[in-house]
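Place chain B on chain A using the hints.
Protein chains: 2
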Amino acid sequence: MGRKTLLERLRLGEAPPLLGRVAAEEGIDVGELAQAMLEGTAVLPCNGRRELESPRVVGGGSRTKVNANIGTSSDYAGIEDELVKLLAAVEAGADAVMDLSTGGPIDRVRDAVVANSPIPVGSVPIYQAAVRAMDERGSIVAMSKDDMFRAIEDHCASGVDFITVHCGMTAGALETLKANPRVADIVSRGGAFLAGWILHNDKENPLYAEFDRLLDIAREHEVTLSLGDGMRPGCIEDATDAAQVAELVVLGELVKRSREAGVQCMVEGPGHIPLHQVEANIRMAKAITRGAPFYVLGPLVTDVAAGYDHIAAAVGGAVAAMSGADFLCYVTPREHLGLPTAEDVREGVIVTRIAAHAADVARGIPGARDWDLDMSRARKGLDWERQLELALDPVKARKLFGERQVEGEEACTMCGDFCAMRFISEYLGRDGMPACE
Amino acid sequence: MGRKTLLERLRLGEAPPLLGRVAAEEGIDVGELAQAMLEGTAVLPCNGRRELESPRVVGGGSRTKVNANIGTSSDYAGIEDELVKLLAAVEAGADAVMDLSTGGPIDRVRDAVVANSPIPVGSVPIYQAAVRAMDERGSIVAMSKDDMFRAIEDHCASGVDFITVHCGMTAGALETLKANPRVADIVSRGGAFLAGWILHNDKENPLYAEFDRLLDIAREHEVTLSLGDGMRPGCIEDATDAAQVAELVVLGELVKRSREAGVQCMVEGPGHIPLHQVEANIRMAKAITRGAPFYVLGPLVTDVAAGYDHIAAAVGGAVAAMSGADFLCYVTPREHLGLPTAEDVREGVIVTRIAAHAADVARGIPGARDWDLDMSRARKGLDWERQLELALDPVKARKLFGERQVEGEEACTMCGDFCAMRFISEYLGRDGMPACE
Chain A
58 MGRKTLLERL RLGEAPPLLG RVAAEEGIDV GELAQAMLEG TAVLPCNGRR ELESPRVVGG
118 GSRTKVNANI GTSSDYAGIE DELVKLLAAV EAGADAVMDL STGGPIDRVR DAVVANSPIP
178 VGSVPIYQAA VRAMDERGSI VAMSKDDMFR AIEDHCASGV DFITVHCGMT AGALETLKAN
238 PRVADIVSRG GAFLAGWILH NDKENPLYAE FDRLLDIARE HEVTLSLGDG MRPGCIEDAT
298 DAAQVAELVV LGELVKRSRE AGVQCMVEGP GHIPLHQVEA NIRMAKAITR GAPFYVLGPL
358 VTDVAAGYDH IAAAVGGAVA AMSGADFLCY VTPREHLGLP TAEDVREGVI VTRIAAHAAD
418 VARGIPGARD WDLDMSRARK GLDWERQLEL ALDPVKARKL FGERQVEGEE ACTMCGDFCA
478 MRFISEYLGR DGMPACE
Chain B
58 MGRKTLLERL RLGEAPPLLG RVAAEEGIDV GELAQAMLEG TAVLPCNGRR ELESPRVVGG
118 GSRTKVNANI GTSSDYAGIE DELVKLLAAV EAGADAVMDL STGGPIDRVR DAVVANSPIP
178 VGSVPIYQAA VRAMDERGSI VAMSKDDMFR AIEDHCASGV DFITVHCGMT AGALETLKAN
238 PRVADIVSRG GAFLAGWILH NDKENPLYAE FDRLLDIARE HEVTLSLGDG MRPGCIEDAT
298 DAAQVAELVV LGELVKRSRE AGVQCMVEGP GHIPLHQVEA NIRMAKAITR GAPFYVLGPL
358 VTDVAAGYDH IAAAVGGAVA AMSGADFLCY VTPREHLGLP TAEDVREGVI VTRIAAHAAD
418 VARGIPGARD WDLDMSRARK GLDWERQLEL ALDPVKARKL FGERQVEGEE ACTMCGDFCA
478 MRFISEYLGR DGMPACE
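So the protein sequences, as listed, match chains A and B.
Here the first sequence stands for residues 58 to 494, where the numbers follow the working numbering.
Here the second sequence stands for residues 58 to 494, where the numbers follow the working numbering.
Since the hints were made in silico from the structure, they are not lab data.
One thing to keep in mind: the hints can contain errors.
[What the hints assert, rightly or not] Within a straight-line C-alpha distance of at most 20 Å, the following computed SDA-like cross-link-like pairs (lysine to any residue) qualify: (1) K456/A - A435/B; (2) K453/A - T398/B; (3) K235/A - E483/B; (4) K453/A - K260/B; (5) K260/B - Y484/A; (6) K260/B - K456/A; (7) K235/B - L485/A; (8) K260/A - A399/B; (9) K456/B - Y484/B; (10) K343/B - H333/A; (11) K456/A - Y133/B; (12) K235/A - Y484/B; (13) K202/A - Y484/B.
[What the hints assert, rightly or not] Coverage of chain A stretches by chain B, computed from C-beta distances (three or more under 8 Å per stretch; other residues unrestricted): (14) 85-99; (15) 356-365; (16) 413-424; (17) 430-438; (18) 443-456; (19) 461-467.
Note that CB positions come from ideal geometry on N, CA and C, so glycine has one too.
Extracted from the complex, chain A is given alone in its bound form (with noise of 0.2 Å):
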């Protein structure tokens, strides 16, 4: 055995350097995250081969965190749009990236994402042994179950953080799902080519069947598990089903096989759920997964707003982050329609931002309300340039501003002469307020 993993060495009570720079950070207790680790609530996703320049803690009361969806398609496969997007996401503000690849030179693809990322890095190895096993055998069910943990291999080799890996989509959760029919079935894409595998081999899901063998490669590794909802609804209608339930519940057993072997784990969830579902599927999650990090695609609340599935998913993220989730994936206003492009990967990642912060304000996260605080009294005392530096996207806010400000008006021009908040100072006696004219 070689180098210890993070969680060994907390179990031997040491203090990697590493946790008190993401503790400080965050402004929470080293020992408490520590804690955190030790039960499984929060995960540090850091490759063992890498030193993050912008470690991220999930989970166990910090700040809720933010990933960007990146990567080729067969429609376009080139790696410099990649790396533009990867710095989109980092400009951003996003927490980290996962690189989705499928088309076009994937490793060398995910090598330059490793390479250039100061946050972590997620993938997602059953893509590319999906795409391996359509060039090499003609059909994505023909890959081997060797095929599948080379991939993996290789991924963790190549210094991702953490892998989204769709252990929970079994014999029996495909049982559950063709007993209660969906009206879109499978949208998880690494779900749909193990189902498809699952299904055309007659054989059960290697990488549950074999789980060990996949604990041994994250902890070699140190890689975190991303624990991959296969069965996540692809559209309202199909939430909280019991292919969905029935999914999670492996995934809850996975957690604690996980827990056991030393591997950091989280676990990935839905998908299109309706409004008023979305804190029960919260809260069902981590009672199942006991308090596991949760990470969430969406949710999506409405399946009719293609062009705007940032905002159906801001508003079921915000939600869902309130009600417990630690990590919401973005979705951008390309969801739906086609590969993002660059600006779609800023916008997805700011309105992202906008749902985690409204939770963390709703949670109590140390400093997050300070924010708020801070804006609205440089709103208060008409200090512009303040609030523009305290936008969360000061390039918007200052743009929005400048294009329909007037020369010498101190007031914005909404309401121009008649600026309720000057107004009122002077009759309320605020100190320090601008006199009404």
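What follows is chain B alone, placed relative to chain A:
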């Protein structure tokens, strides 16, 4: 006495055709709608002199409605711009518009909006009273109570369907505010004007003290009252505080008096509210006002989203409407930064409609979920034309799809050759599905 009001006719057991039209459009029972209007839990704003092309009911188990604020300020005071905004709001699917003009030829702007709007129009007469007082008397606080009532009379006579009146901004509510200092004091313009007037003149708010006079005018012109929340919090730090609740208690009393007088009324609400307080705010307002239709501005769940406040409002608005709010006033991306453009208006309406629809799905409003189901079936069937038609904003969906689509591709470019929906159909054997390649 002249013509009977809608409520008076309902009380006599008549069945005005207007109700039948609205009930049919909503898919609700006309008898139940009439009962809700009689109880005051639904309103149908329609000026007695108007034939509304597209009347709308607010409350009573109907679809959540969306209002768009338009109108001039001292900096942007042209009629043409406002008519373009009106058109943008109507085309984007707004259910009502409010003309909040405070600059330029205010009467002519309002007349043009009323003449050209197929949907109900609201206004805030105290704005015009304040503008006139500045012009004629040199100060807002120099307006007389007759100036206030004259503006209200003028607006009602000009054909608006509902008016915001800040009757709850009483001397008592102001004492509560002074005893409980705020970060942002008063941010409602009408509320601020009246608060300044009360403090400067050391008199009670005439709109409260002479509420019967206001009721007479409203009844005469058959104008629906929208009881304004002059104390609405302007930042999350001020949310759900003593002043806000003190005003709400007054509004509850005035709702009762309006109902007794046969005048339709709704109640306006916040504002800036942290996400974990939104539901409580709505339920409190509904309880205190005995189920009056509740009309919220936002609520914004964070103060730091300048440039994206429509999204902060969509998060709060969706949760508010799910919790019982009936009417969402849009917020545009330009909120807190300047007077919106027509493009801002369009974006604000669409995003607020997403919030309203997500809430309608959650509330089980008839037909709401069917739309999502149709979309999801089209999505599963890879029927792109149908998906684009069914999108809440087909124009934007078509644009985003077209920009990244590749000729001859059946799936979108997000997953390209590795489309989960297409792939799994072969193995799950759903009929009518495209086979996997």
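We went through each hint and held it up to the structure:
{"no.": "1", "hint": "K456/A - A435/B", "in the structure": "38 Å, violated"}
{"no.": "2", "hint": "K453/A - T398/B", "in the structure": "15 Å, holds"}
{"no.": "3", "hint": "K235/A - E483/B", "in the structure": "14 Å, holds"}
{"no.": "4", "hint": "K453/A - K260/B", "in the structure": "44 Å, violated"}
{"no.": "5", "hint": "K260/B - Y484/A", "in the structure": "14 Å, holds"}
{"no.": "6", "hint": "K260/B - K456/A", "in the structure": "44 Å, violated"}
{"no.": "7", "hint": "K235/B - L485/A", "in the structure": "8 Å, holds"}
{"no.": "8", "hint": "K260/A - A399/B", "in the structure": "58 Å, violated"}
{"no.": "9", "hint": "K456/B - Y484/B", "in the structure": "33 Å, violated"}
{"no.": "10", "hint": "K343/B - H333/A", "in the structure": "19 Å, holds"}
{"no.": "11", "hint": "K456/A - Y133/B", "in the structure": "18 Å, holds"}
{"no.": "12", "hint": "K235/A - Y484/B", "in the structure": "11 Å, holds"}
{"no.": "13", "hint": "K202/A - Y484/B", "in the structure": "19 Å, holds"}
{"no.": "14", "hint": "85-99", "in the structure": "violated (count 0)"}
{"no.": "15", "hint": "356-365", "in the structure": "holds (count 8)"}
{"no.": "16", "hint": "413-424", "in the structure": "holds (count 6)"}
{"no.": "17", "hint": "430-438", "in the structure": "holds (count 6)"}
{"no.": "18", "hint": "443-456", "in the structure": "holds (count 9)"}
{"no.": "19", "hint": "461-467", "in the structure": "holds (count 4)"}
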